[in-house]
Amino acid sequence: MFSRLKDKVGQVQLPGDEFSWEAEDTIPLTDPVRPERVVCGPGLRRSGDRLLVCKSGVLRHKQPNVFWIDSQQRRYVPAKGETVIGIVTAKSGDIFKVDVGGSEAASLSYLAFEGATKRNRPNVQVGDLVFAQFIVANKDMEPELTCIDSSGRANGMGVFGAGGLVFTVSLGLVRRLLSPLSEIRSDLDQLFPCELVVGMNGRLWVRSPSIQQTLIVANLLQSCDSMTAPQRRELFRRVQQGAL
Amino acid sequence: MTQSSCDALHFFRGGGMMEVCGSSTVSLREFGCEQSLLSRPDGSASFTQGDTSVLAGVYGPAEVKVSKEIYDRATLEVLVQPKVGLPSVRERLQEQCVRETCEASLLLSLHPRSSLTLILQVLHDDGSLLSCFLNAACMALMDAGLPMSCLFCAVTCAIDTDGQITTDPTAAQEKESRALMTFAIDSTERKVLMSSTKGSFSVSELQQCIAVSQKASEKIFQFYRDSVRRRYSKIL
Numbered sequence: 040m041f042s043r044l045k046d047k048v049g050q051v052q053l054p055g056d057e058f059s060w061e062a063e064d065t066i067p068l069t070d071p072v073r074p075e076r077v078v079c080g081p082g083l084r085r086s087g088d089r090l091l092v093c094k095s096g097v098l099r100h101k102q103p104n105v106f107w108i109d110s111q112q113r114r115y116v117p118a119k120g121e122t123v124i125g126i127v128t129a130k131s132g133d134i135f136k137v138d139v140g141g142s143e144a145a146s147l148s149y150l151a152f153e154g155a156t157k158r159n160r161p162n163v164q165v166g167d168l169v170f171a172q173f174i175v176a177n178k179d180m181e182p183e184l185t186c187i188d189s190s191g192r193a194n195g196m197g198v199f200g201a202g203g204l205v206f207t208v209s210l211g212l213v214r215r216l217l218s219p220l221s222e223i224r225s226d227l228d229q230l231f232p233c234e235l236v237v238g239m240n241g242r243l244w245v246r247s248p249s250i251q252q253t254l255i256v257a258n259l260l261q262s263c264d265s266m267t268a269p270q271r272r273e274l275f276r277r278v279q280q281g282a283l
Numbered sequence: 004m005t006q007s008s009c010d011a012l013h014f015f016r017g018g019g020m021m022e023v024c025g026s027s028t029v030s031l032r033e034f035g036c037e038q039s040l041l042s043r044p045d046g047s048a049s050f051t052q053g054d055t056s057v058l059a060g061v062y063g064p065a066e067v068k069v070s071k072e073i074y075d076r077a078t079l080e081v082l083v084q085p086k087v088g089l090p091s092v093r094e095r096l097q098e099q100c101v102r103e104t105c106e107a108s109l110l111l112s113l114h115p116r117s118s119l120t121l122i123l124q125v126l127h128d129d130g131s132l133l134s135c136f137l138n139a140a141c142m143a144l145m146d147a148g149l150p151m152s153c154l155f156c157a158v159t160c161a162i163d164t165d166g167q168i169t170t171d172p173t174a175a176q177e178k179e180s181r182a183l184m185t186f187a188i189d190s191t192e193r194k195v196l197m198s199s200t201k202g203s204f205s206v207s208e209l210q211q212c213i214a215v216s217q218k219a220s221e222k223i224f225q226f227y228r229d230s231v232r233r234r235y236s237k238i239l
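Chains A and B, in that order, give the protein sequences. Our numbering puts the first sequence at residues 40 to 283. Our numbering puts the second sequence at residues 4 to 239.
Check each hint, because a few of them may be wrong.
[As the list claims (entries may be wrong)] Here are the in silico distance ranges between beta carbons for each label pair:
1. Lys71(B) to Gly87(A): 30 to 36 Å
2. Leu235(A) to Asp229(B): 33 to 39 Å
3. Arg232(B) to Arg160(A): 50 to 56 Å
4. Arg95(B) to Gly120(A): 39 to 45 Å
5. Gln225(B) to Gly203(A): 45 to 51 Å
6. Arg99(A) to Glu103(B): 32 to 38 Å
7. Asp264(A) to Glu179(B): 43 to 49 Å
8. Val206(B) to Lys47(A): 40 to 46 Å
9. Glu66(B) to Gly202(A): 29 to 35 Å
10. Arg232(B) to Asn177(A): 29 to 35 Å
11. Pro248(A) to Glu103(B): 53 to 59 Å
12. Phe41(A) to Gln99(B): 53 to 59 Å
These are calculated hints, taken from the structure and not from any lab test. Glycine included, C-beta positions come from ideal geometry on N, C-alpha and C.
Turn these sequences into a full structure, and let the hints guide you.
The following block contains the structure:
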């Protein structure tokens with residue numbers, strides 16, 4: 040199974056494709072027999088001793104044994120531990136309702152901010168943007184957000200300041216931006232100084248010194264979705280030369 | 004909607020494909036597809052079979068109305084928009100055929116208490132409309148990244164007065180036909196997920212049509228694979 044999965048890494052898989060577990064013909068007598076363990080990520084599903092693909096996309100692999108399907112979808116499905124950009128839609132008692140683009144609004148407690156106590160309430164208004172992390176996210180429960188880490192520090196999360204622009208891109212592009220050694224990010228670095236906040240729910244927040252530059256960055260990132268790497272480099276080069 | 008008898012299907016799967024009468028290759032009209040062509044929906048696709056063309060859009064998993072909420076799975080709603088006028092009884096029947104096929108292939112229990120909406124807009128009808136709906140629906144669901152246990156495709160067969168079977172008939176061929184059948188076939192076991200029939204035919208003709216559809220489905224599934232591969236070529 041392991042070798043079969045590895046053969047298919049980087050190839051496009053469709054729902055219904057399967058990898059079946061086959062007992063090895065010979066058991067080596069000299070080496071200790073170790074069971075193969077495979078960790079399945081999004082898009083892969085275990086059914087008995089078979090591994091089924093349930094989303095279309097490219098099979099990816101991470102050492103030593105993690106496999107997942109990388110797909111280009113637009114709708115966000117909350118997952119525990121992911122950081123997202125949300126919009127506060129309602130204030131009710133001691134929780135805020137936050138729209139994160141999922142099927143249900145997430146809840147955010149007023150105590151889940153750095154330095155917040157029962158007396159000292161955080162200043163959050165309806166319509167504010169928050170950068171928060173999921174602490175509860177599963178298909179059966181209401182998703183729950185927090186703006187502090189386990190040691191009680193904000194760690195970059197919280198309510199956004201004034202200025203900046205939020206826009207939406209595909210979830211695939213977000214993952215490409217967040218990957219270490221991301222090419223898009225390094226291309227963007229060379230253009231102009233800007234602040235970029237990436238939410239795993241497909242929302243990006245950009246702030247640069249001028250509104251014009253903010254809009255250029257936003258348009259560039261939105262168009263990255265449908266471009267190959269050489270096309271993107273060519274476009275960034277032309278922007279850098281001031282052609283656009 | 005009739006579910007075909009299982010023993011007939013086992014007969015074909017056990018003894019290999021039945022020999023298709025007439026030519027050895029099944030002829031389908033030119034088909035084409037484009038994925039994620041609309042910006043607003045979560046998934047979209049257009050599917051063209053000859054001159055028949057359908058545009059599909061999928062929204063979801065999204066918030067669901069309390070009255071339509073199902074506690075252990077997602078609610079799937081299919082809307083068929085005709086080229087002109089308002090949807091009527093014929094469209095409702097097509098909606099039901101598409102919905103039940105999609106429900107069979109989607110893993111709806113992975114998104115409980117949410118809604119999926121599939122909108123199918125007829126762009127042009129030149130025969131085999133139901134199969135074009137189903138093919139467009141499958142591509143759009145795949146584009147939206149919804150979890151599916153298998154893919155499906157649909158093939159329409161027309162039997163004319165001489166007993167000749169035509170796959171993927173045009174509107175003119177449909178009008179001349181004695182019987183018209185549409186089968187939805189799944190990609191893993193090539194079994195019939197849905198069948199919709201009109202007119203009179205014998206049992207052996209039905210079985211022949213299923214065999215022809217199964218053969219034609221290979222081509223469509225290969226086309227699905229090529230078209231998804233082309234779509235992901237930019238990030239490979």
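To see whether the hints hold, each was checked on the structure:
{"no.": "1", "hint": "Lys71(B) to Gly87(A): 30 to 36 Å", "in the structure": "holds (33 Å)"}
{"no.": "2", "hint": "Leu235(A) to Asp229(B): 33 to 39 Å", "in the structure": "holds (36 Å)"}
{"no.": "3", "hint": "Arg232(B) to Arg160(A): 50 to 56 Å", "in the structure": "holds (53 Å)"}
{"no.": "4", "hint": "Arg95(B) to Gly120(A): 39 to 45 Å", "in the structure": "holds (44 Å)"}
{"no.": "5", "hint": "Gln225(B) to Gly203(A): 45 to 51 Å", "in the structure": "holds (47 Å)"}
{"no.": "6", "hint": "Arg99(A) to Glu103(B): 32 to 38 Å", "in the structure": "holds (34 Å)"}
{"no.": "7", "hint": "Asp264(A) to Glu179(B): 43 to 49 Å", "in the structure": "holds (47 Å)"}
{"no.": "8", "hint": "Val206(B) to Lys47(A): 40 to 46 Å", "in the structure": "holds (42 Å)"}
{"no.": "9", "hint": "Glu66(B) to Gly202(A): 29 to 35 Å", "in the structure": "holds (30 Å)"}
{"no.": "10", "hint": "Arg232(B) to Asn177(A): 29 to 35 Å", "in the structure": "holds (33 Å)"}
{"no.": "11", "hint": "Pro248(A) to Glu103(B): 53 to 59 Å", "in the structure": "holds (56 Å)"}
{"no.": "12", "hint": "Phe41(A) to Gln99(B): 53 to 59 Å", "in the structure": "violated (44 Å)"}
Checked against the numbered hints above, the structure violates only hint 12.
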